[in-house]
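Q: Chains Y, U and Z are the protein sequences, given in the same order.
Numbered per the working numbering, the first sequence finishes at 777, counting up by one with no gaps.
Numbered per the working numbering, the second sequence finishes at 417, counting up by one with no gaps.
Numbered per the working numbering, the third sequence finishes at 323, counting up by one with no gaps.
Source of the hints: derived by calculation from the structure; they are not laboratory data.
Only a predicted model underlies this, so the values are computations on that prediction, with no experimental measurement involved.
Hints are all accurate, no fakes.
Computed Cβ-Cβ distance ranges for the label pairs, DEER-style:
id	chain 1	residue 1	chain 2	residue 2	range
1	U	F297	Z	G88	34 to 42 Å
2	Z	N154	U	T291	29 to 37 Å
3	Z	R309	Y	E579	32 to 40 Å
4	Y	L750	Z	N154	32 to 40 Å
5	U	N168	Z	G88	37 to 45 Å
6	U	N168	Z	L82	32 to 40 Å
7	U	A135	Y	L581	23 to 31 Å
8	Z	L82	Y	L581	48 to 56 Å
9	Y	L750	Z	L74	24 to 32 Å
Residues on chain Z that point at chain Y, a partial pick, calculated with CB under 7 Å:
id	residue
10	P116
11	N122
12	M124
13	G132
14	M139
15	S292
16	Y293
17	L303
Beta carbons: idealized from backbone N, C-alpha and C, even for Gly.
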Amino acid sequence: MTGFAAYLVFFLIIALTYSIVVMGLNLQWGFTGLFNAGVVGFFAVGAYGTAVLIGPERAGAIGGFGLPFPIGVLGGAALAALAALIVGLATLRLREEYLAIATFGIAISIQLIALNFEALTGGAMGLISLPRPMLDVFSSPAHYNLFYLGVVAILALVVYLALERAVTSPWGRVLKAVREDETAARSLGKNPVLIRLQSFVLGCTLIGFAGGLYVGFIGYVSPLDFLPILTFQIWAMLIVGGSGNNRGAIAGAIGVWGLWTMSGLLISQVLPVQFQSQGGAIQVILIGLLIVLTLLFRPRGLIGERETVSKHAGPR
Amino acid sequence: MVAGLQVGTATTASAQDCQVSIGAVLSITGSMAAIGSAIGDAGQLAVDQFNEAGGVNGCQIRYVLRDDQGSPNVGVDAAKTLVEIENVPVVLGAIQSGVSLPVLTSVTVPAKVTQISCCSSAPSFTDLAASGGTDGYWFRTLPTDRPQAVVMANIAREKGYKNIAVIYVNSDYGVSLSRQFKAATEALGGQVASMTAYNQEQASYRAEVNSALQGEPDALFLIAFPADGATAAREWISFGGTQNMLLSNALRADEFVDAVGAQYLSNAVGIDNAQVEGPSVDAFNTAWSAKFGSAPNGPGLHTMYDAAAVALLAMEQGGEANGTVVRDSIRLITGGEGEVVNPGVEGFKRAKELIAQGKPVRYVGATGPITFDANGDVTGPYLIWGVKDDALTTLDTWDSARVDAAIAEIDG
Amino acid sequence: MLQALADGILTGSIIALGAIGLTLTMGILRFANFAHAEMITWGAYMALGALALMGPFMAPLGALSFGLPLIIAMVIAAVLTSLLALMIDHLVFRPLHGRPNDMTIVFSSFGVSLLVRMVVLLIFGGSAQYYSNTLQIAVPVAPGLRILPDQLFVLGFTIVTVISLHFFLQRTRLGLAMRALAENPTLARVNGIDTRVVIRWTWVIGASLAAVAGVLYGLTVQLRPEIGFHLLLPLFAAVIIGGVGNVFGAVVGGLIVGLAESLSVFIIPPSYKLAVPFIILLIVLYVRPTGIFGSAHHAGAK
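Isolated chain Y (complex conformation) (with noise of 0.2 Å):
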């Protein structure tokens, strides 16, 4: 298997890993309304937590355990989740835009952490070598390729089968009850921050599994890849596939991330020399606008939330 076929398998597997990610901020923003302005750092709390639990030992650092790779990813999914606790705990009793503010905030001093704390996240060079997990039950890295594919997809299934459960659930109603009328949903004991903090928490863990996924994949983790651009990124898949819907936001990852590495290629073939260094700024102004517009013109973004959810039009 060589060519177009490898490469496609290859994109499917960041884009299926992009996709949890997605699904995870659908449950905070399209059937809870949190606003999430630090996606990026929570999947890195994953990805490094993954990292750090499953990497080889080094001199004179912190972690090292050697641990096998579903514990690994399990655990930086618990640190998402802990992280998440300590914003929302903050903020959720509060108005809505703290929460906002302080995710942002909390994702610029992850960044940090990955660039400094070098004893623990291997500051600016990162992680290197770590193991990816079953490699060498397979005869070359196509095969090897796969398979992850395989496992990534299952993941993302299982994911939105159990999410689409439980937006469907009691649980879920009363989600869609703070979301929609709070006095109500208070008046029928309901405590909404409780509800409110479990839709955060719970959405950021898969985020966090997802940034574990990620690092199985490519075996090597650095600041790099966790620039808050990608949190904008997974935002406009979010928007793009429609917010409250699983499925759009399954779509929207595949449609955006492919959007998104092919444009890099337009965008360096059709600029002249002299602007191409501004290039990735039209790319962005691209991901801005699509957010913009798609929030102005189309609320329910391109697929749109499904009548079941909800019959009240727009998104919340």
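Please build the complex by placing chains U and Z on the supplied structure of chain Y, with the hints as guidance.
A: Coordinates of chains U and Z only, in the frame set by chain Y:
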């Protein structure tokens, strides 16, 4: 007989109708964009000249440049398309070690494609290669940080600097160069007053500068890229820091001198690998100036040209556009006792002739003689630069022998 | 130590200028405007553009690195930044007002911030720029303390601006209406204040102060498309410390954040400096979410 004749003519005529691709992953956009485009041009220059000399193995070379946007996930994706869709036997790049490393481990090595970087200087590659993690597919045309640090420590000693502050960019490049410098300086009996890391793309480095000024240093070693370096240098000078400055190789750019002001840099000395004097260097410099109308000042130009040239010559030598063949041919056309060929159309023509005759070739490039060690690293000569009359000038050169002697002095 | 104190006050005063606008918009328009920090970037670059159009620098004023044109450029920048703010409000925020989820508007400001920053990057490029390329050398004023003449100007200018704003808010009808709306919107509406006029002026004042902050920042540090982005967290921290809607609180909050950032280098490596506003923010949110001077009204609005 007739068939044989036809085959013979087919190989010479096929220069027009067969094509091989060579890939490059560089930061055309993103944080390294300021230097990335020009580096891309340097690779293009080598490919153009090789095509003019008749192509590789009788085929036209297509140079496929992809942008990594300064981020590993995009870079890995770009390399993957090059390898799987464009079928390139060689990937040139990336610029940042943080991009080159995941490309190497998750794309090129598994696919048995040779990767040659112009610009990634982190020591992690040496470690990885030594432990067998690269299967020999990794090469780089710029020396690692250690020789640079050793030469710089020697310069500091010559200048009589006793207590040196180091401000370095918090990247793999800055971290490793600063550490090597500290070790070398202390081995030579000097003292490093403080080591201050700064994060890239900040508006101000005043806090870092203040902290570095604490130890009352008599000199500053600034390890930075031009834009951030200018910010740090301006604030350093502005707040009373000494103008006895030592500057790392990435700062050898007009942009840096213009932003800081040449009048403040008269005491500064910088280092850079590559541009020693000699016909091979002149050949590149002339070709560059002729094509782009400016002198090739800027990080990565010479090393990128050589990365591309080495890859193409290895393909010609091996007779096949295949990653493993390229890997195994690279040392045949660089080290050894063959006839010396230089950059440029004429040089490549001569190299092709010699290879066709089965004679050994030794490429001496834009960076001078190139010898890859077992880990794919080169040690090279260095030049010492300064600023005179508002322009960058070369003050001194250290040939490989002198560099080796300096390293030997420290290693004892 | 002395140097760190002086630097902290200086950075703090610039944060304060930006935070005033942010606290007013958060108080009056009732949403956290992530795009506010980009007004600082925009203002700084508009002044650069205006300067370029005015041609070569006139003779610098005294020991300062700049002359009268910069002051004119600052006024032009304030006007252009106000126009941008009004335009964004008209095109994006107002149409989104009244959407069922209040956070839609906050999220849109997040997208707008990215847009503004990238447009600046596209027009002016990513490398550092300066109003004057001549390097100013700091003057030693005390043992261990060096100050740029420009920095004294910045400090003086900030003080004058804050005092004028104070009088505006205390003495004029419009100013009183703004304060009323910021501190207690329900009460203000009952009192028959024309909120549309007040909102328009809130944008103009907030944007102008941001532009001034941007120019002063560009003067003492440099211009980069990221300057606003890096100030965003300090701005929010300053606003929340001072209490949302409280102008005096924003100034105090700005100084606290500036000083904390600057003094933090004695405890932690300078590369962690950017996390300091977040730590302060988190402490305030846990301990006293209304801020030092805030009324329970805003933070407790849930």
